[in-house]
Amino acid sequence: MIKITFTTADGAEITTEANPGLTLMEAARDANVPGILAECGGACSCSTCHVYIDPEWVDRLPPKEEQEADLLDFAWEADETRSRLSCQITLTEEDDGLRVEVPAQQG
Amino acid sequence: MTHIGIVGAGQAGAALAAKLRALNFDGQISLIGEETAPPYQRPPLSKKYMSGDMALERLYLRPESFYAEQGFDLRTGCRVSGLDAATRTLVLENGDSLTCDAIALCTGAPPIRLPAAIGGDLGGVYVMRTLADADAMAPEFVAGRHVLIVGGGYIGLEAAAVAASKGLKVTLVEMAPRILARVASAETADYFRALHEGHGVEILESTGLSGLTGTDGRVTAATLSDGRQIEVDFVIAGIGVRPATELAETAGLVLENGIAVDGFGETSAAGIFAAGDCASFPYGTGRLRLESVPNAIDHAEAVAASIMGQGVPYVPRPWFWSDQYDVKLQIAGLNTGFDTVIRRPGDKPGSQSHWYFAGDRLLSVDALNDPRAYMTGKRLIEAGNSPLRDAVADPETPLKSLPLATGLAA
Chain B
24 MIKITFTTAD
34 GAEITTEANP
44 GLTLMEAARD
54 ANVPGILAEC
64 GGACSCSTCH
74 VYIDPEWVDR
84 LPPKEEQEAD
94 LLDFAWEADE
104 TRSRLSCQIT
114 LTEEDDGLRV
124 EVPAQQG
Chain E
23 MTHIGIVGAG
33 QAGAALAAKL
43 RALNFDGQIS
53 LIGEETAPPY
63 QRPPLSKKYM
73 SGDMALERLY
83 LRPESFYAEQ
93 GFDLRTGCRV
103 SGLDAATRTL
113 VLENGDSLTC
123 DAIALCTGAP
133 PIRLPAAIGG
143 DLGGVYVMRT
153 LADADAMAPE
163 FVAGRHVLIV
173 GGGYIGLEAA
183 AVAASKGLKV
193 TLVEMAPRIL
203 ARVASAETAD
213 YFRALHEGHG
223 VEILESTGLS
233 GLTGTDGRVT
243 AATLSDGRQI
253 EVDFVIAGIG
263 VRPATELAET
273 AGLVLENGIA
283 VDGFGETSAA
293 GIFAAGDCAS
303 FPYGTGRLRL
313 ESVPNAIDHA
323 EAVAASIMGQ
333 GVPYVPRPWF
343 WSDQYDVKLQ
353 IAGLNTGFDT
363 VIRRPGDKPG
373 SQSHWYFAGD
383 RLLSVDALND
393 PRAYMTGKRL
403 IEAGNSPLRD
413 AVADPETPLK
423 SLPLATGLAA
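Line by line, the protein sequences are chains B and E. Going by the working numbering, 106 is the number at position 83 of the first sequence; the sequence numbering is gapless. Going by the working numbering, 41 is the number at position 19 of the second sequence; the sequence numbering is gapless.
Do not take every clue at face value.
Covered by chain B, per the in silico footprint, the following chain E stretches (three or more residues, Cβ under 8 Å) [as the list claims (entries may be wrong)]: (1) 79 to 89; (2) 314 to 327; (3) 345 to 355; (4) 377 to 383.
20 Å max Cα-Cα, derived EDC-like pairs, lysine to aspartate or glutamate [stated by the list, open to error]: (5) E/K370 - B/E89; (6) E/K422 - E/D412; (7) B/K87 - E/D412; (8) E/K41 - B/D53; (9) E/K422 - B/D96; (10) E/K188 - E/D412.
Simulated from the structure, these hints should not be mistaken for lab results. Built from N, CA and C at the ideal position, the CB exists for glycine as well.
Required output: the full structure, derived from the provided sequences and hints.
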């Protein structure tokens with residue numbers, strides 16, 4: 024199990040434990056983190072699981088693929104360096120302590 | 023308000039329950055599902071789950087512990103056999119009855135089965151809706167075997183893609199003059215026909231199924247409407263769905279293309295609501311019923327707000343997706359009433375989009391491996407904006423600066 028901390032749009036912190044192998048979106052969903060909708064269930068089809076990665080963690084995650092980058096390019100208040108689709112990040116042991124922020128709106 | 027009953031534990035029912043808690047409803051929530059599995063995602067059944075690329079527990083919408091943690095009365099494997107609208111009472115098949123302050127029907131839209139008169143009840147004939155359907159047909163997907171797919175809509179095409187990718191011989195028959203006739207343009211149909219034929223799928227349009235025959239109760243052959251006989255190992259029917267309205271009907275609720283609800287999701291009986299695939303809601307001058315996960319979630323959440331007295335009239339933001347081979351289709355909007363389709367090449371090899379217009383008004387976009395076109399179309403449609411058609415057709419005009427048509431009637 025690894026520890027992940029989500030900061031929701033209203034500033035609340037939710038720290039959860041997740042199994043490596045799950046995606047970051049699944050970890051959020053399992054911990055009932057509000058604001059991560061994931062309407063397509065992780066098919067990289069909708070951009071409603073958008074999160075901001077803590078600056079210290081941005082370069083420690085595998086880079087975006089084209090489909091994810093294209094969706095993020097049009098997502099609500101996306102940040103070129105910190106924005107990711109959480110369904111496209113498969114958690115590993117190395118991600119213990121990962122911190123992400125949830126945007127105020129998805130879509 | 024102390025007890026809310028939700029009939030149907032699919033995507034809509036689960037979303038409705040979760041939203042009630044998120045809106046601080048602290049009474050009892052009974053979430054009643056006919057299937058034995060906890061609420062799960064259906065879309066992967068005809069895609070990643072069927073192809074073996076997704077484990078069972080990842081299908082679940084929430085971990086099983088979630089329901090207890092949230093204090094839900096989740097009843098799976100439980101059929102609701104009666105509804106008394108006046109007293110808002112649900113009668114369960116096991117004899118229990120639950121009297122609620124509000125009830126939401128999230129019963130979905132099960133697939134139409136092939137009639138028994140033409141062999142639809144033979145073994146080896148499947149529909150695709152539930153986990154049990156997917157698990158029952160999974161052992162049939164063995165390379166070299168021959169599957170007949172009846173119906174060239176998205177379910178049939180997705181099943182064809184999984185089967186062809188696994189090395190099966192695939193024949194798909196579509197009664198209409200072309201595949202996707204009900205849901206997409208000729209341009210999008212042409213794209214998918216070519217894609218499937220490139221993977222060796224035999225697509226027979228303007229061809230129906232006349233009958234299935236079998237040995238020892240199991241299908242072995244099919245007769246097509248052109249008289250042709252083919253040997254088959256199994257059959258998948260993807261010939262559409264029907265909203266599950268039986269319970270609503272016995273309770274005397276008004277039906278109109280599903281369970282008729284008002285803008286707040288309330289049926290003709292006070293305190294009885296409906297959401298998702300089973301419900302038709304006011305739209306424009308008529309009514310609309312959508313068969314899609316995003317609508318199931320959005321509508322259910324809107325209905326949860328209505329139940330809590332915080333409702334606003336539901337405005338759908340339709341979108342859809344399909345995965346076939348290495349192609350991702352994303353659809354923004356509804357194309358009903360289109361008169362023109364404009365094809366726009368994407369900025370990467372193999373990507374393109376089809377933009378549906380009624381006059382100068384943009385209705386919808388089919389994006390094929392082109393998420394940028396999808397996102398652009400979705401933004402424009404939700405804002406009620408339409409780009410100039412000539413600009414859409416010109417790939418040199420960037421998506422982010424498409425000039426807008428002015429003076430369109432609202």
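Problem set entry | Unsatisfied constraints (hint numbers, rising) | 4, 7, 10
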